[in-house]
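Trainee: Sequence:
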Amino acid sequence: MVGLIARESGGGGTFTPVPPGMYLARCYRIVDLGTQKSEYQGQVKNLKKFMLQFEVHGEDDAGQPLVTAKNEPMSISKNFTLSLAEKATLRKDLETWRGRPFTEEERNGFQLENVLGKWAMIAVTKAMGKDGKDYTNIANINSVPKAMKANLPEGHNKCAGFYIEKPDMDLFETFSDNLQAKIAKSPEWQARKGERYAQEQNNPANSGFDDMDSDIPF
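Here the working numbering runs 267 ahead of the position in the sequence shown, where the first position is 1.
Think of the hints as simulated: they come from the structure by calculation, not from any bench.
Careful: at least some of the hints might be erroneous.
What the hints assert, rightly or not - Taking lysine-lysine and the DSS-like style, the derived pairs with C-alpha atoms no more than 30 Å apart in a straight line are:
#, residue 1, residue 2
1, Lys433, Lys359
2, Lys316, Lys304
3, Lys397, Lys316
4, Lys425, Lys316
5, Lys425, Lys449
6, Lys385, Lys433
7, Lys397, Lys354
8, Lys393, Lys312
9, Lys359, Lys385
Generate coordinates for the entire structure from the input sequences, incorporating the hints supplied.
Mentor: See below:
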């Protein structure tokens with residue numbers, strides 16, 4: 268089964284950031300980032316990463332809807348290490364989002380596709396990045412209050428997952444240049460490139476009859 272399972276052990280264009288605040292949001296995309304180099308407190312590790320992307324529904328401080336120039340909901344994402352270890356950010360965020368801790372059985376293998384299409388309350392904060400620029404980030408993810416659940420808006424974006432194991436290249440082409448580059452440098456993506464090259468070398472240009480079987484109805 269293609270997808271991402273978390274365990275206890277284990278395009279371009281102008282972008283306007285979501286302003287700081289607390290918002291109703293819907294998770295509509297999971298993106299497999301592959302293994303990425305991470306540095307924390309001087310330690311460098313290679314960790315399996317993925318991204319959750321949310322569409323934001325709400326208003327800014329001036330009472331204006333949080334929409335893009337195309338009148339679509341603004342979006343914001345958060346990267347996670349693929350781990351449900353006790354101190355993992357993913358585990359903390361998923362538990363506050365669900366409103367309860369994981370069972371032992373769930374910690375042994377939680378299918379992340381379960382969060383697609385689900386609503387949450389996200390806290391967005393501003394912080395300075397290593398490059399000296401200000402960025403807005405999802406500080407935490409919480410469950411939607413019961414009083415709001417009866418009047419949730421319609422979701423705008425199609426829910427989808429991107430997985431390096433079996434990539435949807437049409438979806439990949441919609442990603443920003445930076446996101447494409449991040450995925451492309453992962454060893455998992457590089458390995459796929461090597462496999463494709465080997466296949467091309469072992470299967471030279473077809474003779475013109477290679478696709479004939481596809482026209483046979485049975």
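Trainee: Holds or violated: Lys397 with Lys316, Cα cutoff 30 Å?
Mentor: 19 Å, holds
Trainee: Take a quick look at whether Lys359 and Lys385 sit within 30 Å of each other, Cα to Cα.
Mentor: 17 Å, holds
Trainee: Assess, step by step, whether the Cα of Lys425 is no farther than 30 Å from the Cα of Lys316, and give holds or violated.
Mentor: 22 Å, holds
Trainee: Are the Cα positions of Lys397 and Lys354 separated by 30 Å at most?
Mentor: 24 Å, holds
Trainee: Given the proposed pairing of Lys393 with Lys312, does the C-alpha separation stay at or below 30 Å?
Mentor: 26 Å, holds
Trainee: Take the C-alpha atoms of Lys316 and Lys304, compute the straight-line distance between them, and say whether it is at most 30 Å.
Mentor: 9 Å, holds
Trainee: Holds or violated: are the alpha carbons of Lys385 and Lys433 at most 30 Å from each other?
Mentor: 24 Å, holds
Trainee: Taking 30 Å as the top limit, are the C-alpha atoms of Lys425 and Lys449 close enough?
Mentor: Within the cut-off at roughly 23 Å; holds.
Trainee: Can the restraint linking Lys433 and Lys359 be considered satisfied, given a maximum Cα separation of 30 Å?
Mentor: 29 Å, holds
The earlier numbered hints are all upheld by this structure, with none contradicted.
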